[in-house]
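2 protein chains.
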Amino acid sequence: MHVIIDTHCHYTTEPQALHQFRDKQLAGLADAARKPASTDLGIPDDVVRKSVEPQLALQKERSIDLTIFSPRAAGMAHHVGTEATSHEWTTLCNNLIHRVCSLWPENFAGVGQLPQAPGAPPANCVPELERIVNELGFVGVNLNPDPTGGRWSEPPLTDRQWYPLYEKLCELDVPATIHVSSSCNRNFHHTGAHYINADTTAFMQLIQGDLFSDFPTLKLIIPHGGGAVPFHWGRYRGLCLSLKKKSLLDHVMNNVVFDTCVYHLPGIELLTKVVPAENILFATEMLGAVPGIDPETGHHFDDTKRYIDQVSDLTAAARQAIFEKNARRVFPRLNRRLAKRGYAGAEMH
Amino acid sequence: MHVIIDTHCHYTTEPQALHQFRDKQLAGLADAARKPASTDLGIPDDVVRKSVEPQLALQKERSIDLTIFSPRAAGMAHHVGTEATSHEWTTLCNNLIHRVCSLWPENFAGVGQLPQAPGAPPANCVPELERIVNELGFVGVNLNPDPTGGRWSEPPLTDRQWYPLYEKLCELDVPATIHVSSSCNRNFHHTGAHYINADTTAFMQLIQGDLFSDFPTLKLIIPHGGGAVPFHWGRYRGLCLSLKKKSLLDHVMNNVVFDTCVYHLPGIELLTKVVPAENILFATEMLGAVPGIDPETGHHFDDTKRYIDQVSDLTAAARQAIFEKNARRVFPRLNRRLAKRGYAGAEMH
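As you go down the protein sequences, you meet chains A and B in turn.
Under my numbering, the first residue of the first sequence is numbered 35, with each subsequent residue one higher.
Under my numbering, the first residue of the second sequence is numbered 35, with each subsequent residue one higher.
Treat the hints with caution; some may be incorrect.
Identical copies look the same in the list; a pair holds intra-copy or inter-copy alike.
What the hints assert, rightly or not - Distance condition first, Cα-Cα at most 16 Å in a straight line; then the derived EDC-like pairs of lysine to aspartate or glutamate:
id	residue 1	residue 2
1	Lys307	Glu330
2	Lys280	Asp328
3	Lys202	Glu162
4	Lys279	Asp79
Everything labelled a hint here was simulated from the structure, so no lab data went into it.
Required output: the full structure, derived from the provided sequences and hints.
The structure is reproduced here in structure tokens:
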């Protein structure tokens, strides 16, 4: 019995009460009198339920069994306010994801955001990482490689400031998805430049460094098909060699996977041609990253399952790896949950 | 009679005297006593000649007839020193390109750098643009979309601050290649992240804006295959629609071309599949952007002609457009020169 796992969706249909809280929270930075009175959003279960209906409808329509679900990426906005702002906001956003996952435990598995903030040591995020995994049952976390929102004024991912977080990720056996948030830099459109640039940037940082010598079991997901990397696979293979590293596959790809948030067939064809199938996770980033219907196909841009189904060169085993097996390897806590529910483990395929 | 035009090469084998000047120039920022005594580099013709021999040898080996040649991109370093530093350095670098082009007028056509500097209005670059085109006979120019070297703290390309430069480009009928320089941001490796990110960023800025309504004849080259854009062609088509613009082809691609600095066959296959052939310029960025031999093919990564030759789907007309015709359309001053030399014009094909 197979499961199709969408590894990258954000909660973009959140109840209005969450947005209202955020407005008050940020207004409170300028005028303490406007601070929200309480962190209890007072959202009843049926409002949470209703808010996720569009997601559930698309799951069904596209034959997706389970969605790995995290707070809206652009909403994290770690560059806004103080570390305390980020912490309060993060807690609320993660708790709301937990409510969705508790209401539909068959349909969703949670991934959290972290209370990052410019200038704050990433080690400060360890308690929230422990809470979301140990108390809320989340299976992964989104890690923002640029908490400055497009100013890129913090150290790269290979800097030792991040090590306490990597240690905890390894200890808890959860992966991190490298995902920036909104951009306060007018040069960078968030979904059109900042997201894709961040993917490319993170990958190149991993080539330059030797992070996986220090953390051989660390697992990182680079979303949006790995940014520009597969298109420039020759460039990255060449740079890896000219920097005197091992081959790209040996140096980076034992610990890194890309997802399939690439919104046209030729892109998915390239991805599956140059990147080994075991390094690819099925994902859609629905709803909303790239909304609408492609006039060239008559189908939604973000219906990435259609593209994968159309790649004629993929073996059944590769397809199975992309849709299920790799996700169960990269998210071991999800794998254990699925095994308990009677789905044969990744090892069995 | 056909000409094969490599539209993107930098002078990366410059005589040592140029580097020595630069060291003294920058040392002079800290200690005026160390300033270079003269801007006369004292480089004899035979040293210039010898320095370009590797480039000429590769031209011959790869059957390239003409190279569009500009100063080392990473060398521009507009973020270093003052506007006066940039102006002095730019003049020297452009003059050296002019010497190469004068020594081998059949083999090289010049493209210049601009004396950009953070905080300095781009309009200040107009006199140097006029000089390199009218006095040195250059056919194009490299325009740095981030003169802050990876801090990205200046306005986007659609900002009106750039308009005087665009007006002059249109008047002189020369294209601009959007090309960043070195990175002073430790997050961004220059050739592995900053260059590719800048290409992607510039393209998205053009989608967000309406620059070509104001400058219908402006021609921009986005190098390195257009950054991440062709791989995410569906994303950009979708974003263009969701931003209520015309289709991507109508909104941007009448004025923008990509080059073929993509260092593996599957990347070139994708590029030529999703991007119309008239929007692609042959280019290699040799020597040095991605040095070395690809162990998978036994050939140099940057021998991009081999990849194009291997794309089986390309018609003879498309191949001709990529190798010659498009370059002659985008660089009209080069086209006129070639026509004078007896090569039938682009219009003739």
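Comparing the hints with the structure gives:
1. Lys307 with Glu330: between (23 Å within a copy, 14 Å between copies)
2. Lys280 with Asp328: between (40 Å within a copy, 14 Å between copies)
3. Lys202 with Glu162: within (11 Å within a copy, 55 Å between copies)
4. Lys279 with Asp79: Neither. Shortest intra-copy (52 Å) and inter-copy (39 Å) distances fail the 16 Å Cα cut-off.
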